[in-house]
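Participant: Residue-level listing of the chains:
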Amino acid sequence: EADIYQTPRYLVIGTGKKITLECSQTMGHDKMYWYQQDPGMELHLIHYSYGVNSTEKGDLSSESTVSRIRTEHFPLTLESARPSHTSQYLCASSESRGQPQHFGDGTRLSIL
Amino acid sequence: AQSVTQLDSHVSVSEGTPVLLRCNYSSSYSPSLFWYVQHPNKGLQLLLKYTSAATLVKGINGFEAEFKKSETSFHLTKPSAHMSDAAEYFCVVSEVGGFKTIFGAGTRLFVKA
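One line per chain: the protein sequences are A and B, in this order.
Read left to right, the first sequence gives residues 55 to 166 (my numbering).
Read left to right, the second sequence gives residues 70 to 182 (my numbering).
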């Protein structure tokens with residue numbers, strides 16, 4: 055079974071704060087992804103990584119940034135949170151391109 | 070170019086009756102196709118995958134899907150719905166060896182007692 059963890063699960067925070075959403079996986083996967091999903095809606099890819107020191111922007115423009123210093127860790131950062139950032143953020147990893155992605159349980163973010 | 074269309078945004082069935090969730094795709098290359106399920110406040114869980122082997126794919130929890138190249142379809146079925154099947158289902162297409170993974174818009178399955 056997949057082992058990919060996201061913290062925190064829920065976060066309510068005020069406008070202007072710096073936020074880091076954590077994502078870690080223990081499967082040794084090179085490929086990692088961040089998706090944004092509004093309730094009941096489809097997933098939108100916002101960032102991905104092919105491996106250490108590799109990060110790319112996804113299909114949906116996002117003010118967030120990511121880093122990939124270690125294989126197992128792919129944090130997402132918002133430098134100054136705004137109400138428009140309120141959403142669910144899902145992290146995923148895969149063994150290689152075209153293979154199934156394994157998902158964390160997500161972080162539900164609310165910016166007041 | 071790849072695309073995936075889930076033909077129904079909502080499907081409602083009674084417990085014990087069959088489930089059919091429809092998915093059509095387009096792909097320039099040999100696709101990999103997946104179905105995922107998402108329960109409330111959870112991530113996506115892989116139900117099954119098609120990767121150019123048998124066209125009838127069996128997954129977890131009694132679900133299966135049939136790859137029909139002539140119809141460019143990959144519909145998800147289950148003979149008998151259970152209350153615990155109520156969730157959001159996503160059809161996904163990915164090019165074998167390629168980067169792009171396209172998620173459908175999702176189909177919400179309601180199961181009535």
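Each hint should be verified, as a subset may be incorrect.
The calculated lysine-lysine pairs, modelled on BS3-like cross-linking and capped at a C-alpha distance of 30 Å, are [claimed, not checked]:
hint, chain 1, residue 1, chain 2, residue 2
1, A, 72, B, 138
2, B, 111, A, 71
3, A, 111, B, 181
4, B, 169, B, 118
5, B, 127, B, 137
6, B, 111, B, 169
7, A, 111, B, 111
8, A, 111, B, 127
9, B, 127, B, 138
10, A, 71, A, 111
11, B, 137, B, 169
12, A, 72, A, 111
13, B, 127, B, 181
14, B, 127, B, 111
15, B, 118, B, 138
It is worth saying that the hints were derived from the structure and are not from the lab.
Participant: Could you run down the list of hints and mark each one as holding or not?
Facilitator: Going through the hints against the structure:
1. A:72 <-> B:138: violated (48 Å)
2. B:111 <-> A:71: Cα-Cα ~25 Å, so holds.
3. A:111 <-> B:181: violated (41 Å)
4. B:169 <-> B:118: holds (16 Å)
5. B:127 <-> B:137: Holds, because 15 Å separates the two Cα atoms, which is no more than 30 Å.
6. B:111 <-> B:169: Roughly 23 Å separates the two Cα atoms, so the pair holds.
7. A:111 <-> B:111: holds (24 Å)
8. A:111 <-> B:127: Measuring from Cα to Cα gives roughly 34 Å; hence the hint is violated.
9. B:127 <-> B:138: holds (17 Å)
10. A:71 <-> A:111: holds (22 Å)
11. B:137 <-> B:169: holds (21 Å)
12. A:72 <-> A:111: Given pair residue 72 of chain A, residue 111 of chain A holds - Cα atoms ~20 Å apart, limit 30 Å.
13. B:127 <-> B:181: This hinted pair holds, its Cα atoms lying about 24 Å apart.
14. B:127 <-> B:111: holds (23 Å)
15. B:118 <-> B:138: holds (15 Å)
Against the hints set out earlier in the document, violations occur for numbers 1, 3, 8.
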